[in-house]
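J.: Those letters in the sequence shown? Residues 1 to 741, by the working numbering.
One thing to keep in mind: the hints can contain errors.
In silico PhoX-like pairs for lysine-lysine, Cα to Cα no more than 25 angstroms straight-line [to be verified]:
id, residue 1, residue 2
1, LYS601, LYS652
2, LYS470, LYS516
3, LYS142, LYS40
4, LYS470, LYS557
5, LYS612, LYS664
6, LYS139, LYS106
7, LYS572, LYS516
8, LYS498, LYS612
9, LYS115, LYS526
10, LYS178, LYS55
11, LYS733, LYS106
12, LYS526, LYS729
13, LYS447, LYS498
14, LYS92, LYS139
Hints are computed from structural coordinates only; laboratory data are not their basis. None of the values given here were measured: they were computed from a predicted structure.
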Amino acid sequence: KKKHLLFLPIFFFILGAYSSIKINKPGLPPNHIANLPIWKIEELEGRLIKATDLKASSTSFTIEAERAFLGNWIKTQGLVRLYLSSPLYLEKETSVRVKVRLRTFKDFYNPGSSKLNDYYKRRGIFLTGYVMGNVKVLKEGKSFWSVFRKNFREALRRFSTPRSEGILMALALGQRGKILPKNQETFRKTGTAHLLAISGLHMTLVSGLLIFLIKKFKKKGFLIIGENYQVLLALPFILGYLFVSQSPISALRASLSIFTLSFLLLLGKPKNPFNILCLCAIVILSFMPYELWNPSFQLSFVATGGILIFGKKLLPFFRSKRLINYIWGIFILSFIAQIVTIPILLHHFHMISLIGPLANLIAVPVVGLIVLPFALISLSLSAIHPVLASPTIGIASLFLEILLPVLENLEKLPFSHIWFLNLTFFEALLLYASIGFIFTRCNLSKKLSLILSALLLIGISADILWRYEKTKPTGKLEVNFLDVGQGDSAFLRLPSGKKILIDGGGTWMGEFDIGKSVIAPFIWEKGFLNVDYLVVSHPQPDHYKGLIFIAKHFNPKEFWYGPSELPGELQKILGELKEKGVIIRRLYKNIDFHIDGVNFKVLHPPPEFVSKDVNDQSLVLKIEWNNRSILFTGDITKKAEIELSKEASDLKSEVLKVPHHGSKTSSSYPFAREVSPSFAIISVGRNNPYGHPHQRVVSRYEGLGATVLRTDLCGMIKMVGSPSGWEVKTYLKCTSFPQLR
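Using the sequences and the hints, build the whole thing.
T.: And the structure:
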C-alpha cells in the first residue's frame, strides 16, 4: 500500500515541472498578441476574464484579446491588462472594443526592484496598456453570479458610508480597489490587512457559522444528518462565495482546504491538519508553481503552519464557555501568526506591526463575527433587490465606522509599526530554522536545540553586520542614477556618508507609486533607513511624485525646492515635514553652500526669472568635490540654457544629467559645448511615446567626446568619484563598463 503512495509525489512533481516549463517557455502561437508588432495595434476587441476593478478615479481590467486592428482587423489571442483613467464597471465575460496604446510591463532595473514583467508573464499576461477614449461594449456579460455583484455594488453605493463601501466590497466581492488609501494604510500598519483579502480566515468563519447553524437546526430536529456529513451542507455556500468573489488565489487556497477536509471526513480518514495543509500546497503548486514566490501564498501557509504547531495548547481556550478565555485564545493565535510571519514580512515588505496582536484582538471578532456575516447576508438580499440589503449594510457599516477610529488611534501610538531593512532569503531561512529548533526541537535534546538555534542567530547577525559595514562612509562621492522609467531620480552618497535624493520619478497617469515600489526598495537594499536631504527640481509628476513616500518614511533633515509653486499634495507634505522640525529651503541662483566638504552651487533659476514653461523653472545644481563635478539640470529647455550659457565658467562639469530626458527642445549646442561633459547621463523610459532621447542630442554629446549612458538601456547607473577619477557600473550590460551584481 505504501509503495502505491509513492506514485503521488512523483505524479505531482511531474505535473509541477510541466507547469513550470509552460510558464517559463510558453511557446506562444504565431497569432498571439505578444508576437504582433504592438506599436501598430490601434484597437482591440476581447472579453473580460473578470469584472473590472474600480478605484476612485480609474479602472483596471484584463481581457482575452480576440481581434486586433493594425490597419485591418486580424484574429489574435492572449491576455492583456488595461487601464482606463475613469471609473467604469463592466461584468465578467463582457465583450468590448477599445482604442489602446500597448506596451510590455515596465521593469525597473535597480538593486532591490521586483520584476513586474515576470510576475504577469507567469500569469499568462504579456502586455499592458492604456485605453484611449471610451470603452465600446459589444455584448454585456451576464451570469447567475453577476446579478449578485451588480446589485450588491448598487446597494453599497446607496446605503453604505464612503469609508465602509470599499471594505465591504473587498469582504464580499474580493475587490479592494475602492478601499480608501488612508484606510488601507491603517490596516497595513496595524497588522490587520489580512482581513481585507478573502482568505482562509474568511472561509473558515463562513463555514464555521454555517456548521454552527446546521447543528442548531439538527438539535431542534429540523435536520437529520450524521456528524461527518454536516460540513457537506456548507460546501454549496462556500462554492457560491468563491464564484461571486471571482475565485481569487487566496480564496481558492482556503476553499481547497475545506473541500479536502470534507473529502477526508466522508472517507472516515484521520483528520491530520498537517497532511491537509501539505496536500493543498502540493495541488496548488502542481498547477501554479509560481505561487511559491507569491508573498500571499507564503504568508498564508506559514501562518497556518505556525498556528498548527504552536496553537495546539490553545484548544481549551476555544472550547471554554468563558468569554475571557476565548478572547485570550484569539490574542495568542494572532500573536503566533505574527511571530512566524515576521521573516516573510521583512523580506517582502520591510515593515512589521508591533501593535498587530492587540489590533487583531479587536478587529478579528468585529469583522469576522459581525461585519463579514452581515456583508454576506446583504450580498444575498441584494440579489433580490438592493433595497432589501439596506438594514444589514447599515449594521455592517456602523461597526466598521466604530472599528476604524480604534485602529487609527492604535496606528498613531509610538512604535505601532517599524520599518526595517529587508531580510535576504538566506537570512529568512536561517531565522525559520532557528525558530524551529527553539519550539519543536526536531527530536533533539533541549540543550542541543538551543545551541543550534543560537548558532543560527549568530549567523544571521553576522550577515546583517556584514551588510551594515557596507553602509559606513567610504570617503568617496557616489551617485546612483536610478531607473525610474520616464522620469528623473538620483541617489547621492557624500564622502561623509550623508545621503541626498534629487527627484523621485513618478507617473503622469495611474496610481503606481514609484517611491514606494522602486526607490524605497533600492534604499533599503543599500542598507539605509533614512535620507538626509530631499530635493525636487521642479513640480512635475515625473520628478516629484516618488518623493512623497520617501518624505513620509525616511526621516529627512532638509527639503530643498526652487521658486516654482508646488502642487497641493507636495505642499501638504511640506506642512507635515515642518511640524516634524524638518528644515525647508527654497533655492535660487547664486545660493552656494557646503556639506562636509562638498560644494553645492545653484546656477538657475534667478529669483526674477519668468517663464510660462515650468520646465525652465527647474533647479540647476552643480556639485563639486575633490576635482569631481556633477551638473543636475532638471527639465530645462533652450531658453534657460541660453541664460546659463552667459556664465560659462560655472557650467563646465565632468558628469551631466542631460536636460529633459534628451528631448530635442533641450541640449542646444552652445550649452552642451560649455558643459563639455565626460559622461552624459540620460534618464529616460523604455519605448516612451515622446521619442526620447532624440538621436541628434545623443550624437551631439558623443561628438563632444562624452560617453552617453541611458537608463532605458543600462538600468541604474552607478558612478563613484575619487581624486583619481570616476568608476562606472551599470545594472544591465550596455557598454564596456562592468555590471552591478
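J.: Now tell me, hint by hint, if it's right for this structure.
T.: Against the structure, the hints come out as follows:
1. In summary, the hint linking LYS601 to LYS652 is supported, as the alpha carbons are separated by about 13 angstroms, within the 25 angstroms threshold.
2. About 23 angstroms separates the Cα atoms of LYS470 and LYS516, which keeps this hinted pair within 25 angstroms; it holds.
3. A C-alpha spacing of about 32 angstroms is found between LYS142 and LYS40, which places the hinted pair above 25 angstroms, so the restraint is violated.
4. Using a Cα cut-off of 25 angstroms, the hinted pair LYS470 and LYS557 holds, with the two alpha carbons roughly 22 angstroms apart.
5. Restraint check for LYS612 and LYS664: the C-alpha separation of about 19 angstroms stays at or below 25 angstroms, so the hint holds.
6. With a C-alpha separation of about 31 angstroms, the suggested pair LYS139 and LYS106 falls outside the 25 angstroms cut-off, and the hint is violated.
7. Of the pairs offered as hints, the one joining LYS572 and LYS516 holds, with about 18 angstroms between alpha carbons and a cut-off of 25 angstroms not exceeded.
8. Proposed proximity of LYS498 and LYS612 is contradicted: the alpha carbons are some 35 angstroms apart, above 25 angstroms.
9. Proximity of LYS115 to LYS526 is assessed by CA-CA distance (about 18 angstroms); at most 25 angstroms being required, the pair is judged to hold.
10. About 5 angstroms separates the Cα atoms of LYS178 and LYS55, which keeps this hinted pair within 25 angstroms; it holds.
11. Only pairs whose Cα atoms come within 25 angstroms are accepted, and LYS733 paired with LYS106 is accepted, the gap being roughly 18 angstroms.
12. The straight-line distance between the Cα atoms of LYS526 and LYS729 is roughly 15 angstroms, inside the 25 angstroms bound, and the hint therefore holds.
13. Only pairs whose Cα atoms come within 25 angstroms are accepted, and LYS447 paired with LYS498 is rejected, the gap being roughly 45 angstroms.
14. Taking the CA atoms of LYS92 and LYS139, the gap is near 11 angstroms; set against the 25 angstroms cutoff, the hint holds.
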